[in-house]
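Colleague: The sequence shown begins at 1047 in the numbering used here and counts up by one.
Calculated directly from the structure, the hints in this document are not laboratory data.
A portion of the hints provided could be inaccurate.
Unchecked claim - No more than 30 Å apart at the CA atoms, straight line, and that leaves these computed lysine-lysine pairs for DSSO-like:
(1) K1074 with K1251
(2) K1074 with K1334
(3) K1334 with K1102
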Amino acid sequence: MSFRNKALLVANDLRIVWSILKNDGTLKAGQKCKVTIEVSSVCNLKCPLCPTGTGKTKRQNRFMPGRIFDRIVEVTRPVTDGYILSMWGEPALHPELDKLIEKIYPHPVWIAANLNYKQSIAETMARWDNLHVICAVDTLVPSEYEAYRVGGDYKVMLRNLDILAAGKCHTYPQFLVEAGKNSDMYDIFAREHNIPTENVIIKIKRENFTLNPSGASAAGTCHAPYSGIYFNSDGEMVPCCNDVGNDLVMAHIDHIDLDAIVGRSDLARVRRLLAKDKNNFPSCGQCKGETFWNTRLPVYKDYLAKVLFHSGKKSPQKMPFREPAGQKTTGE
């Protein structure tokens, strides 16, 4: 990524920080963000810590209709610097995923994928040079895989991973690792599959579903609706990608425009309340809150460590540096 593009990203993040500190519930002029669209709440696996696999989601179990997708893209296009097409379903199963990506090309597109499907789906994904795929490899031990990805097949996942790695898309193998047990073996795995080692994503393995509302609520705040715009598969605007309940539906895309998203009073109120105390809303449950300080700042920390100290250590991360709209992604 060029110095100019990095400077644009920093400037945009500073706008987000100003919005958070001011906390009037509005998005600032000139601010760009990722738009998350849950194109599928359908999944072919039954993972024990996933609300889809355990039936905890309140929305319909379906693929997003093209009309709703088109409306979201139309409304949010002026403020997006890219799209994320994942929440709690498997986006690659959407029968028109190829057409959806074509509609938002050349914007960067991110999806999370379990890769447990037929080869032709992986081949379709592999041809898009604007597509970034976070691949749930999870473990280096095949016998451990199905305990977390119930119904999954490690060999099928690896086959499709290799198809993506050989294609035009950008491939990010993600591993679930116990705290403090990072290893160079994940980089070795990446090299064996012709994937850049900087694309390896390490994620702390959870023991419990963090959004479970039955336990004691965790204290915290949430900045997610300041840094992103989110729509579930029903076309409802929600404050974050973790929302699986129905008490935090902000508005349906058919009833809002961009001005409403940016600053309508009822939507602004949700942002303000979450930034003060996420537990103003019961469905936030045990989630610790998606704050700017625990999501974006670690990315800067890792980047500075790499530049200043040539550190190869990877801390848990969600996503590498983002590309601004209109720039061809390189995966670097």
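Colleague: Need the status of pair K1074, K1251: alpha-carbon distance at most 30 Å?
Modeller: violated (35 Å)
Colleague: Under the criterion that the straight-line Cα-Cα distance not exceed 30 Å, is the pair K1074, K1334 satisfied?
Modeller: The given pair, whose Cα atoms are some 25 Å apart, holds under the 30 Å limit.
Colleague: Check whether the Cα positions of K1334 and K1102 lie no farther apart than 30 Å.
Modeller: holds (19 Å)
Hint violations for this structure: number 1 only, all remaining hints satisfied.
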